[in-house]
Amino acid sequence: DSGVTQTPKHLITATGQRVTLRCSPRSGDLSVYWYQQSLDQGLQFLIQYYNGEERAKGNILERFSAQQFPDLHSELNLSSLELGDSALYFCASSERGEMDEKLFFGSGTQLSVL
Amino acid sequence: GESVGLHLPTLSVQEGDNSIINCAYSNSASDYFIWYKQESGKGPQFIIDIRSNMDKRQGQRVTVLLNKTVKHLSLQIAATQPGDSAVYFCAEIGGDDKIIFGKGTRLHILP
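Those sequence lines, one after another, are chains A and B. Positions 59 to 172 (our numbering) are the ones given, in order, by the first sequence. Positions 4 to 114 (our numbering) are the ones given, in order, by the second sequence.
In case anyone wonders, no lab produced these hints; they're calculated from the structure. One or more of the hints may lead you astray.
Claimed, not checked - Between beta-carbon pairs, the in silico distance windows are:
1) Pro114/B <-> Gln125/A: 42 to 50 Å
2) Asn135/A <-> Gly44/B: 18 to 26 Å
3) Thr65/A <-> Ser43/B: 16 to 24 Å
What the hints assert, rightly or not - Straight-line alpha carbon distances no greater than 25 Å define the calculated DSS-like cross-link-like pairs of lysine-lysine that follow:
4) Lys74/B <-> Lys101/B
5) Lys160/A <-> Lys74/B
6) Lys74/B <-> Lys59/B
7) Lys115/A <-> Lys160/A
8) Lys101/B <-> Lys115/A
9) Lys45/B <-> Lys106/B
10) Lys115/A <-> Lys106/B
11) Lys101/B <-> Lys160/A
12) Lys160/A <-> Lys59/B
13) Lys59/B <-> Lys101/B
14) Lys45/B <-> Lys67/A
15) Lys106/B <-> Lys67/A
16) Lys74/B <-> Lys106/B
17) Lys71/B <-> Lys101/B
18) Lys106/B <-> Lys59/B
19) Lys45/B <-> Lys160/A
20) Lys71/B <-> Lys160/A
21) Lys160/A <-> Lys106/B
22) Lys71/B <-> Lys106/B
23) Lys59/B <-> Lys71/B
24) Lys160/A <-> Lys67/A
25) Lys45/B <-> Lys101/B
All C-beta atoms in this analysis are idealised placements derived from N, C-alpha and C, irrespective of residue type, glycine included.
Pulled out of the complex, with its shape left as it was, chain B reads as follows (with noise of 0.2 Å):
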């Protein structure tokens, strides 16, 4: 079936370096893509999103690239800072209209 996965469950970078959380989707059909945040003890909040008709969205210290030859997408975070700290979720709206949501990647910043 349809299904949004993540490659790594859990990603540890090192303070003030980038960080790159990845996600592949199944659905070709899928044209609406999202990436939420959830802290610990909290409800995922919306980072960024993207449409299929682009390759690359921009926010305050990420970006999002979508690859729709390979069906992956990714979310970068320049300059991790501690309050990066959470699972990571992407999530896509798939060709029902419904929104499937990976399993999430844990992000660990060190110190």
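Only chain A is shown next, with the shape it has when bound in the complex (with noise of 0.2 Å):
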């Protein structure tokens, strides 16, 4: 168990939806990171908060909102849902949120777009 709790673990809406997915870090963590892991792209960085800031951003939609809270929990909106954003999207955490840090990875939420 890495620590990091996502929920829902399964999610399944209709294209045009917008969802939340949650993100509580591993206690101590400051920073949150969020990834995209699809079969073709991999496992694909989306965005990185530090103490409520948003630090660094990746390959992320405009669709795709996310924010971490005064709690560090953190919340990915993704919003008028694509079939290809069918996905796993995985939330991590790490204490300072330097690059040379490990990453502690939640579990995931498999996100099922029909």
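Join these two chains into a complex; the hints should help.
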């Protein structure tokens, strides 16, 4: 158990809808990362937060947004969903948000857009 | 663009044998590399890391080798066990401080 909690584990929705994925980092970790994993693209970095502030942005679509709350949990919002958004979404956390730290990943949220 | 790739998408190894998983990276400015293991239904899990000022690092049953000349990284698993079945990702920290993951190699253990 990595200590990172993601909910829900599975999400099935329709095109055009909006969903929210939730992540609680490991106790003591200040930084949260969101990754998308699909069969053809592998693990793609979406966005990173550190202590409530956005720190780095990756290949995140404009339809997607995220935030980190004062209690350090994070939410990833996906809107106007398309079939191609079906993927595993992982949250990871680290203590300092530095690039030379190991990441602790949650078990992911499997999103299916029908 | 910069990328991290894996030579073999699937590797089948006899139980008890050693496994070698390879990874090529393209950014010569990368100075930190990590191997992650992802078991079915779980998120990636840190295995071992290495910095560019080293060419070898050993952990418990795992060794990572770094060859900067040919920009090659490998993960060696000694005495492979059924519990080693997973997808293994290499990741590099590029010059822009972003983590780039390879697509992964699936390790399949033969009984």
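Here's how the hints hold up against the structure:
1. Pro114/B <-> Gln125/A: 42 to 50 Å: Cβ of Pro114/B to Cβ of Gln125/A: about 48 Å, so the range 42 to 50 Å holds.
2. Asn135/A <-> Gly44/B: 18 to 26 Å: 25 Å, holds
3. Thr65/A <-> Ser43/B: 16 to 24 Å: At 20 Å between Cβs, range holds.
4. Lys74/B <-> Lys101/B: 18 Å, holds
5. Lys160/A <-> Lys74/B: Distance ~21 Å between Lys160/A and Lys74/B Cα, so the pair holds.
6. Lys74/B <-> Lys59/B: 14 Å, holds
7. Lys115/A <-> Lys160/A: 18 Å, holds
8. Lys101/B <-> Lys115/A: Roughly 9 Å separates the two Cα atoms, so the pair holds.
9. Lys45/B <-> Lys106/B: 16 Å, holds
10. Lys115/A <-> Lys106/B: Holds. Lys115/A to Lys106/B sits at ~20 Å (cutoff 25 Å).
11. Lys101/B <-> Lys160/A: Since the Cα atoms of Lys101/B and Lys160/A sit roughly 13 Å apart, the hinted pair holds (cutoff 25 Å).
12. Lys160/A <-> Lys59/B: 18 Å, holds
13. Lys59/B <-> Lys101/B: 23 Å, holds
14. Lys45/B <-> Lys67/A: This hinted pair holds, its Cα atoms lying about 11 Å apart.
15. Lys106/B <-> Lys67/A: Answer holds: Lys106/B to Lys67/A is near 23 Å, not above 25 Å.
16. Lys74/B <-> Lys106/B: Holds. Lys74/B to Lys106/B sits at ~17 Å (cutoff 25 Å).
17. Lys71/B <-> Lys101/B: At roughly 19 Å apart (the allowed maximum being 25 Å), Lys101/B and Lys71/B satisfy the hint.
18. Lys106/B <-> Lys59/B: This hinted pair holds, its Cα atoms lying about 23 Å apart.
19. Lys45/B <-> Lys160/A: 17 Å, holds
20. Lys71/B <-> Lys160/A: Given that 25 Å is the threshold and the Cα spacing comes to 21 Å, the pair holds.
21. Lys160/A <-> Lys106/B: Within the cut-off at roughly 18 Å; holds.
22. Lys71/B <-> Lys106/B: Holds. Lys71/B to Lys106/B sits at ~20 Å (cutoff 25 Å).
23. Lys59/B <-> Lys71/B: 11 Å, holds
24. Lys160/A <-> Lys67/A: Answer holds: Lys160/A to Lys67/A is near 23 Å, not above 25 Å.
25. Lys45/B <-> Lys101/B: Holds, because 23 Å separates the two Cα atoms, which is no more than 25 Å.
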